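Number of protein chains: 2
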Amino acid sequence: MAFKHITSRDNPVYKHLRKLADNARERKKSGLTLLEGVHLIEAYVQTQGEPQLMIIPEGKSSLEATDLMQHLVDVDTIMLPTLMFADLAPVTSSSGIMALVPVPEIAVPATVDFALLIEDIQDPGNLGSMLRTAASAGVQCAYLTQGCTDAWSPKALRGGQGAQLILPLVENVVAREVVQQFGGLTLALTMQGDSLFAQPLREPVLFAVGNEGAGISAALQHAVQRCVSIPMAHQGVLALESLNAAAATAIALFECRRQRTAA
Amino acid sequence: MAFKHITSRDNPVYKHLRKLADNARERKKSGLTLLEGVHLIEAYVQTQGEPQLMIIPEGKSSLEATDLMQHLVDVDTIMLPTLMFADLAPVTSSSGIMALVPVPEIAVPATVDFALLIEDIQDPGNLGSMLRTAASAGVQCAYLTQGCTDAWSPKALRGGQGAQLILPLVENVVAREVVQQFGGLTLALTMQGDSLFAQPLREPVLFAVGNEGAGISAALQHAVQRCVSIPMAHQGVLALESLNAAAATAIALFECRRQRTAA
Chain P
1 MAFKHITSRD NPVYKHLRKL ADNARERKKS GLTLLEGVHL IEAYVQTQGE PQLMIIPEGK
61 SSLEATDLMQ HLVDVDTIML PTLMFADLAP VTSSSGIMAL VPVPEIAVPA TVDFALLIED
121 IQDPGNLGSM LRTAASAGVQ CAYLTQGCTD AWSPKALRGG QGAQLILPLV ENVVAREVVQ
181 QFGGLTLALT MQGDSLFAQP LREPVLFAVG NEGAGISAAL QHAVQRCVSI PMAHQGVLAL
241 ESLNAAAATA IALFECRRQR TAA
Chain W
1 MAFKHITSRD NPVYKHLRKL ADNARERKKS GLTLLEGVHL IEAYVQTQGE PQLMIIPEGK
61 SSLEATDLMQ HLVDVDTIML PTLMFADLAP VTSSSGIMAL VPVPEIAVPA TVDFALLIED
121 IQDPGNLGSM LRTAASAGVQ CAYLTQGCTD AWSPKALRGG QGAQLILPLV ENVVAREVVQ
181 QFGGLTLALT MQGDSLFAQP LREPVLFAVG NEGAGISAAL QHAVQRCVSI PMAHQGVLAL
241 ESLNAAAATA IALFECRRQR TAA
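In order, the protein sequence lines correspond to chains P and W.
Heads up: the first sequence runs through residues 1 to 263, numbered per the UniProt record's numbering.
Heads up: the second sequence runs through residues 1 to 263, numbered per the UniProt record's numbering.
Extracted from the complex, chain P is given alone in its bound form:
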């Protein structure tokens, strides 16, 4: 293993890491991204193998981080001054360890009978949280439209807590085409429509969810077989018009899981 102490912001390796932290195009071009935190890196090691490079800040490491480094003694490591490290991390309360890794490609199963189609979610934390929920619910493939924020940004990865490492993702899809090609029930989660709870969700199903502000596009509502809604209390109160997109997604996906795991 090679160990390197980088202290200049002009160092080409550091400049590349900065680009990867900030820029979806750079991540796409290089096929690389940054993982932050012991849990995420451990999940990567467990599911994909060794990172390409470990990145640590100067100063004392946490016990967890030290432990992890001892399991990855063969991986090249760079140490950065605290502020330079912080500029790579998605949050200020970083756990003090990052890794440079190839973006994994997780194969889509031949038969997908539980799918999620995410249209134009812009907030990386929200997208990550939806993917985390989807993985926990047993979704077999998540389709992301071109209008979605990058699922491989450090913030989206942090929100996903490892979901991107086990859930097959298909990015830059055209929503209508995904719906047309899906072999099963296609449902859009909207503010009107039949109750979610009245749907038969043991059969193959694709859920479409939309952007928090705008909801699901008219084109996509038109493309699916059925629009469904989550029956809410207090429908009349102005500001309380909807659940947030991540909460609505959680309710829908786990209603599917409930029906499928019921005796």
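Since the hints were made in silico from the structure, they are not lab data.
Any given hint could turn out to be false.
What the hints assert, rightly or not - Residues from chain W that face chain P, not an exhaustive set, calculated with beta carbons under 10 Å:
| id | residue |
| --- | --- |
| 1 | Gly162 |
| 2 | Gln192 |
| 3 | Ser195 |
| 4 | Ile230 |
| 5 | Met232 |
Small disclaimer: the values here were computed from a predicted structure and weren't measured.
From the three backbone atoms N, C-alpha and C, an ideal C-beta is built for every residue, glycine too.
Since the structure of chain P is already known, use the hints to place chain W on it.
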């Protein structure tokens, strides 16, 4: 109505508003808080009446904000320079209107048969989002422990999207006492325990949810009648240990709503 243009940060009215924006103690002492955005202020007017004071920034207002102001011509209004206004707002992309209002006191119903107990949630956005979900699910009372962030901060109000205006809240509770006094089934949402989906939720029920990092305290797990969990896929993957607290709460509360609204 009085209209005042305040341009100095030393103005005592402005200084008081800054304190209210930043400081839970000041909100508690004065019984006042700030609402941001047309939707939230409209919900306040609809449920509680007129605000005490409207606050707008210099420059052109949005059509929505102008509309709202025309319905509130009797309310005193102050105008602030853009930056001074921004320092009061919970987010940078503020909609350009705020209101000073008395914190409403919404009476707890005599009989509560669907309750949520929130233990030590620190993030105001998360707390707001949980309250929004709770109101949508038909929860009749939310109990918040002393360790929770203030439900009346501008950020928590924004996350709640009006929930705090219709959902009775009891703050600074001792979790154990709430559980002991609740007349019905008390369930803690945890990582182990019986499946949520196997619980009889048509009878009176209280759900306890905990802090994202630490989960529900041992004392509270001990106090409730039963610990329940949401059955997840991929239990083995390290980083994907749990749903986030807001998603788990949404799933639990709407499972209750599903059972109660089922034919």
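Checked hints:
no.: 1; hint: Gly162; in the structure: 3 Å, holds
no.: 2; hint: Gln192; in the structure: 15 Å, violated
no.: 3; hint: Ser195; in the structure: 8 Å, holds
no.: 4; hint: Ile230; in the structure: 7 Å, holds
no.: 5; hint: Met232; in the structure: 4 Å, holds
Checked against the numbered hints given earlier, the structure breaks only hint 2 and satisfies all the rest.
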